[in-house]
Every structure is written in structure tokens, then in C-alpha cells.
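S.K.: The chain contents come next:
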Amino acid sequence: MTVKIKPEDNVITDDLLDTLGREWAFDHVKGQNELWKNAADQYIRDEIPDEDQVILVELLELKPKKNSVFRVIDFGGMAHNDIVNAFKRWGDISAASRNSGKRTFGGHGNGGKFYMRSAFETSRFVTYRAGRLNVYGFNKAHQYGFQEGYTNVAIDLAAALKVAEIDAATLPPSAVARLEKSQGFTVVIGERPNNFQRSATAKRILEKLTQHPQARRLVAHRPVYARTVSTADWQLLRAHDPEPRPDFPEPIMIEVPATLIDENGDRVVLRDDQWPEAFLELQTSKESLRNTGINRLDVIGEIGAIGSHDITSLGLTNHPAHGDFIFGELYCTKLEDPQYKCVANDRERLIHNEKTRVLLEWARDRIDELAGQLAEADAKERKHQDLSQSSAFNELLNQWKNKFMPTLMAQLFGGSGEGSGFGGTGAGEDGSGEGDGAADGDANDSDEGTPPGGEDGGGGDELKRGRRAPTVRLSGYDADPLDLMAPPLELSPRQPGVYQRPKDVPEGIYWINTSRPLAQRILESLGAESTRWRDYMFQRYVEIILKESLYTLERSEGDLSADRLQGHIDSLTRACTTMPSRSWRTSSSATS
Amino acid sequence: MILVAMSVVSDGTTRLCAYEDIVVRAWQLFPQEFGLRGYVDLYPDASDLHKPLYGPLKRDGYVRVQNKKFGLTDSGLAVAQQITQPPADESPEGKGRVRRDQLIEIEKLCKKAAVGLVQQGPSEELLDTDLYDFYSVTVRTKPADFAGRIATVDRAIDAALGAQDPSIDKTRLALVSLARDALKEVHADLIVELTTVGYKTKS
Numbered sequence: 001m002t003v004k005i006k007p008e009d010n011v012i013t014d015d016l017l018d019t020l021g022r023e024w025a026f027d028h029v030k031g032q033n034e035l036w037k038n039a040a041d042q043y044i045r046d047e048i049p050d051e052d053q054v055i056l057v058e059l060l061e062l063k064p065k066k067n068s069v070f071r072v073i074d075f076g077g078m079a080h081n082d083i084v085n086a087f088k089r090w091g092d093i094s095a096a097s098r099n100s101g102k103r104t105f106g107g108h109g110n111g112g113k114f115y116m117r118s119a120f121e122t123s124r125f126v127t128y129r130a131g132r133l134n135v136y137g138f139n140k141a142h143q144y145g146f147q148e149g150y151t152n153v154a155i156d157l158a159a160a161l162k163v164a165e166i167d168a169a170t171l172p173p174s175a176v177a178r179l180e181k182s183q184g185f186t187v188v189i190g191e192r193p194n195n196f197q198r199s200a201t202a203k204r205i206l207e208k209l210t211q212h213p214q215a216r217r218l219v220a221h222r223p224v225y226a227r228t229v230s231t232a233d234w235q236l237l238r239a240h241d242p243e244p245r246p247d248f249p250e251p252i253m254i255e256v257p258a259t260l261i262d263e264n265g266d267r268v269v270l271r272d273d274q275w276p277e278a279f280l281e282l283q284t285s286k287e288s289l290r291n292t293g294i295n296r297l298d299v300i301g302e303i304g305a306i307g308s309h310d311i312t313s314l315g316l317t318n319h320p321a322h323g324d325f326i327f328g329e330l331y332c333t334k335l336e337d338p339q340y341k342c343v344a345n346d347r348e349r350l351i352h353n354e355k356t357r358v359l360l361e362w363a364r365d366r367i368d369e370l371a372g373q374l375a376e377a378d379a380k381e382r383k384h385q386d387l388s389q390s391s392a393f394n395e396l397l398n399q400w401k402n403k404f405m406p407t408l409m410a411q412l413f414g415g416s417g418e419g420s421g422f423g424g425t426g427a428g429e430d431g432s433g434e435g436d437g438a439a440d441g442d443a444n445d446s447d448e449g450t451p452p453g454g455e456d457g458g459g460g461d462e463l464k465r466g467r468r469a470p471t472v473r474l475s476g477y478d479a480d481p482l483d484l485m486a487p488p489l490e491l492s493p494r495q496p497g498v499y500q501r502p503k504d505v506p507e508g509i510y511w512i513n514t515s516r517p518l519a520q521r522i523l524e525s526l527g528a529e530s531t532r533w534r535d536y537m538f539q540r541y542v543e544i545i546l547k548e549s550l551y552t553l554e555r556s557e558g559d560l561s562a563d564r565l566q567g568h569i570d571s572l573t574r575a576c577t578t579m580p581s582r583s584w585r586t587s588s589s590a591t592s
Numbered sequence: 001m002i003l004v005a006m007s008v009v010s011d012g013t014t015r016l017c018a019y020e021d022i023v024v025r026a027w028q029l030f031p032q033e034f035g036l037r038g039y040v041d042l043y044p045d046a047s048d049l050h051k052p053l054y055g056p057l058k059r060d061g062y063v064r065v066q067n068k069k070f071g072l073t074d075s076g077l078a079v080a081q082q083i084t085q086p087p088a089d090e091s092p093e094g095k096g097r098v099r100r101d102q103l104i105e106i107e108k109l110c111k112k113a114a115v116g117l118v119q120q121g122p123s124e125e126l127l128d129t130d131l132y133d134f135y136s137v138t139v140r141t142k143p144a145d146f147a148g149r150i151a152t153v154d155r156a157i158d159a160a161l162g163a164q165d166p167s168i169d170k171t172r173l174a175l176v177s178l179a180r181d182a183l184k185e186v187h188a189d190l191i192v193e194l195t196t197v198g199y200k201t202k203s
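These protein sequence lines are chains U and R, in that order. Under this note's numbering, the residues of the first sequence are numbered 1 to 592, in order. Under this note's numbering, the residues of the second sequence are numbered 1 to 203, in order.
It cannot be assumed that every hint is accurate.
Unchecked claim - Covered by chain U, according to a simulated footprint, are these stretches of chain R (three or more residues, beta-carbon under 8 Å):
| hint | stretch |
| --- | --- |
| 1 | 64-75 |
| 2 | 125-134 |
| 3 | 184-194 |
Stated by the list, open to error - Each computed DSBU-like pair below joins lysine-lysine, with the alpha-carbon atoms no more than 30 Å apart:
| hint | chain 1 | residue 1 | chain 2 | residue 2 |
| --- | --- | --- | --- | --- |
| 4 | U | K503 | R | K69 |
| 5 | R | K170 | R | K184 |
| 6 | U | K547 | R | K69 |
| 7 | R | K68 | U | K503 |
| 8 | R | K108 | U | K547 |
| 9 | U | K66 | U | K162 |
| 10 | U | K208 | U | K140 |
| 11 | R | K111 | U | K503 |
| 12 | U | K162 | R | K170 |
| 13 | R | K51 | U | K503 |
| 14 | R | K184 | U | K503 |
| 15 | U | K203 | U | K162 |
| 16 | R | K112 | U | K547 |
| 17 | R | K112 | U | K503 |
| 18 | R | K108 | U | K503 |
| 19 | R | K170 | U | K547 |
| 20 | U | K6 | U | K65 |
| 21 | R | K68 | U | K547 |
Honestly, the hints are just simulated from the structure, not real lab data. Quantities reported herein were computed from a predicted structural model and do not represent experimental measurements. Ideal Cβ positions, reconstructed from N, Cα and C, are used throughout, including at glycine.
Okay, chain U solo, but in the shape it has when bound:
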């Protein structure tokens, strides 16, 4: 059976308005934002460029505070027709644009009205356009209507300004210019605001508005002036972005994928021919943004914010702490596709559905990646600071090694113990005399430069100096002795604890790899001043001395058996653990 209903107009009581208006009743930041958006929308309908869209805000703190008056002024003005056909209608989604096809800030046709109705004892707006004045507002019983005697009254601008209590002489020059051109204005007046007592201040409300995801964009692109005392000068509001981290100064732009797969396995289109642009812009802050209200991701539609989510609420998986230093905007106009139903009435947060979830998860992962980069940079900086402590100790060890090694080598291999390094002076290369490239020994190798039996060989025409005493440097901190302009050599945690590049070998340079997992753990948990770290460095020095001595041993004795190697290691470690005390004292006193 087909059910046939005879449609009738909705019957709505004021109770519904009370219920719906509660969310605007006590939040002046949220409410003022609605009024500012309405002012901007009037300018948009009048096709006024952004830079001329002057908005004046007066949050006049009176005594007692409960008698304070809030006013928002634009220089557009509404006609009687606008009030009747647009303002008066609750929940008309075309109210802001007036079906003009223009993109406006207003979305659901109720924010400003609810704020006026719910957040003040009485409120009204005085509006003047095309020589006609109208005053419309809410009485104490929250009923709306025209003020008696002020419906579409024909008067001149000066008289209208007087009714609105606007002193043109005290306006900012840009406001005067705008007024002269438009010959119209609207001033929204709220008297005896709710929830504006004790610690609440007008200044704090204005501060919050300059950080508010929606109002902040208005302040950033339009001249918005404010004052909190009626006799004070107008102050131009500015949207202050936090100072970025010096190492991440530029915004990071990431294109949103054209599609993502949601939790149900369905494809969610985020860019298409109609809405081709979608990107994530992330910025860093030098200071933590926690509890500042800025630590958030604003979701931007075609003209303004359509939602805002605290970074913490996104739930960064890996680097939540560094998420406190990030804020950004997610520009995705596709979310405004009416079929998507992603934009909430108050535009505070996106509507929670599978489309917004998958997009926010994608954004969360990008933020987490940036947070990871911040964490890595911080760890590197912390390590660098730590290593500045180590560098002094490294110098001490270098001095000790320079004093200790010649003596040690003389003890292990014989000789006078004079000089600063091991190895001979080098016999020269190219000794085969046949030009066959056979001689490839380095400065300390005479294996291949002199033919066995002393036949045929030439002395070679290139004399090489003996190997220098090893120089030990800390990776990630010390300058590269072979390229002083280059940044410090960074090594991988997988590279050995003591490392040499090919070009380090002839120069006798060794790097202690401070990225090794054990080194990292000691530095992170105990610090560079700990005895454990000093012990770690000392062990690396012994490792270097052992490596150098092994090459010397091979040159002097040839084939090395395991027994011979063990004997050598025993001798060396015995010397290292008994000789340092004397050399150490000398070096220590030299550096201290």
C-alpha cells in the first residue's frame, strides 16, 4: 500500500533553539568567530577584495564586568530584504551565499544567530545599506524581531552612524575609506555577555581568536582591528605563526593521494577533476606548542577551515612527544563534496566517518614521519653536545697514545723507541724494474718493492714518508682533518667501532664510530662524562694500537699463526694495562 502524506510546515518550538544554541552560549571565541565570518561573507557578496575587508571588533570590558558590551562592525550593511529572507531563517545553508554561487565562510546558516541569541542577555544588529537603516535583534526572552521604529528607515549615513554609536572620526583610516565607498555598515552588539566574569578577559578572547583555526585565517588575510576600551586606539590583529625550528624553517608540502583505501576496503577519492587540489602543509615550532591551541591540524576547504584536530588527538604512533612541535593545514576541498558529509555544523572537527578517518590517519602518519625527523635531529644535536665533552678526553687519549705507542712498539718489536709512529720509512715502490705494476705496497711495505734475492729491482723513483702516528677523531663531532670545510663525518651504526676511509689510511687517521649501538646506549643513558664512556673510548684506542701493531707484526714476521697472534695480543694488552698510568699522568697534567 502506498502511504500518502499531506506535507505540512515544520512546527518548531523555542526549546529546540535553546537546545541547539547551548554550544554557542558560553564560548565567545567560537561565537565571535561566527560574527567575523558573517562580516567577511558580506564583503564577499559585495565582491570587496580581501585587503579592503575591514572588520572592527570591540570587546568593551565595563564595570561591573557582567555589563560588558561586545561589538563587531563591517562596512557592508544589510538591506531589509536580506534580514527577512536570509538572517531570519534558521539553518538555511544558502543564507551566507544568498544563492550567489560565491564561496562564503558561513556554512549552515545558524552560528551567528545562535551566538547572538544564546550568549548575551540582549543582542541586536544595527545595519545600514542603500540609505535605509534596520535594527534587528533578540530580547531578554530570546525572541527576535525588528526594533520598534527601526524597520527600513530612510536616513542619511551620519544619522545612521549615530544610531549605531559609531564615531567615524575615531575609526582606522582603512575603515573610513571603506565606509566612504560602501556608504553602509553593520554593527552587531551583544550586551551583558554570558560567562564573562572573574578571570575572563577581552584580551584573552582576542588572543585565542588570533589562534583560532577559522578566525586566524580571517586575521591573516584581512584588516581586523580590535580594542577593549572604547576610548583606546584600534589595534590591528595579527595571526602569529610560531617561530620555526632553525633546522626545519620551511613549510613542508605533501600532496594528498588521489585515493586512499578506507577501513572497509573501499576507495575514497580525495582529488578529482572537480576538486583537483589537495595537500598537507606542515610547519615546525621552535617551542613546544602543547596547550597553546596551535598544536593542531586545520582542515581547509575552499575558503576556510572546515575542521581542526589537535595533533595529540590524532594519536601519533612513534614520536608523539615531537608532535608537540608541529602544526599544519590539510587542504582538501573534496571533503566539501555534499555527498561526502564530512563537514560538521560548527566546523570544529570533521564529521567522524570512514572517509575522514582514512584521511586523518594518512595525515597522522605524515606528521609522525616529520616528528621522527625532529626526534632524529634532536638526538643528533644532543649527541653533538655530549661529544663536545668527549672531544677533550679524546685529545687526552691522543696525547697519551703518542707518548705511549713508540715505547710500546719498541718493547714489542725492538728498537730505540724513538719517533712517533710505527713502520719504516718506506722503501719506495715500482721496484720490479719491469713496469708490470707488481709493486703495490704502501709506505710501510717493502714486500713487493724489492725483488727477492735482490735482483732486478730498482729503488723506485718515488720516496714515501713513513706512516704517521695515528690520529683519532670522533665521528659525528670532529672536523674531517682531510676536509676541514666538510661537516663532521657521520658513520652508520653498522660500521665498525673503529673506522677508516681509504684516504685515511696513508694519513693514519682513525674514526671512533660514535653511532655504534653500544656507544649510543652509553651516551644516551650515562652521558659523555661517564667513566663508562671514557672506558669505551680507551678500549677503542687499544683496538687502534692493536690494529697498527698487527700490521707491523706481519711485516716483521710474515706468516702469523693463531698462537703467535695470541702471544702478541697478550703482550700488547699487558703493556696497555700497565704502562698507561705513567704516560697518563703526564698527558693529564698537560691538558689540565
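Chain U is already provided as a structure; the job is to place chain R on it using the hints.
M.R.: Just chain R now, kept in the frame of chain U:
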């Protein structure tokens, strides 16, 4: 022939031998090749051994030199033994089994860090130290020795790939081969630097 002579001098081991012993034994075994011209039956000619010992035999990884003494590498010893005692059961295509020294080489290679990294995928960078580890050399290995190790290892891998030896896990062998190729691609410049005589001092 030099490898055979060295094998005889070293009693079929890789121990180091005196240059003079090798010269004399090579002449005794192959007088026509290593005798002094005009006196082939009376005197050896040492110069005929000097050049190949320091040159191709070393750079191909068959011979090692220490303190003016020469020894066969495992690879050199295997080649010498192959010459003196060719395996009876070798198939005509040379397929079926790789040499024992090459089998040992492959087994060692399978355990190298670079092979594990290649297996994990491209997330980890192949470092210079992975190259050294793969070829069992260091940054201080002499250029000819470095080249010799590359030649030896490459021969072992290529032989194993060609032989289809059932005792070698094919997947592991494929990973070894992939690791070799990746290391050679990533560190091509480093390999040239470390296998070129005089490169270090010139740079």
C-alpha cells in the same frame, strides 16, 4: 706451471715458501720453460717467475706474498691440484660439482652480512664495510691482494652458478650472486680505488 711448482715446494699446502725454492723447483720440473736461455739444463732463470708471481697470479688470487715469501692461496692450490690430478668423474660440460675450495668460499659467502641485507630488501644501505666483509679484505688490503680476492670470490660464485652443484642451496647462491652484483654496483668507484696501484697516494 708455477702453481704446480709452488704446490710441490709447499707439499700441497698454502704455507709460504722461499722464492729461491720455487725458482729451482720450477726449473727442475719444467726446464724448457724456466731455464736460462742457452743453459736451460744448467741454470734456472728467476726472471721468468718474478713477473707472473707479482702480477697476474697475485691479482687473480692464486698467490699471496709476505715478507718476500710466496704461498698458494686455497684457490691457487686447488688449481695446481687440478692440473696434476684432474678429477676423473668430471662431466663433459663441467657441470655437477664445484671445486672444494670454491664450495668452502660459497659457504662462507652465504653467511656474509651483505647477503642478509639483500635478502631483507633495499631498506638497508650496503656500506663499504659490507664490501670488505664480503670479499674478506680490509681498507688496508694491498691493491693486488684486493683484486685477487675479488677474482677468487667471483670465480667461485660463477663456477657455482654454472655447475648447478646439488650440495649448494640455490636460493642462497642466488642471494650471494645478487649481493655480489649489488656491492659491485654500489661501490664501483671504491673497488677501482682500492684495486688500483698508487690510487691512494694520488688521491
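S.K.: Could you work out which earlier hints the structure fails to respect and list their numbers in ascending sequence?
M.R.: 12, 19, 20
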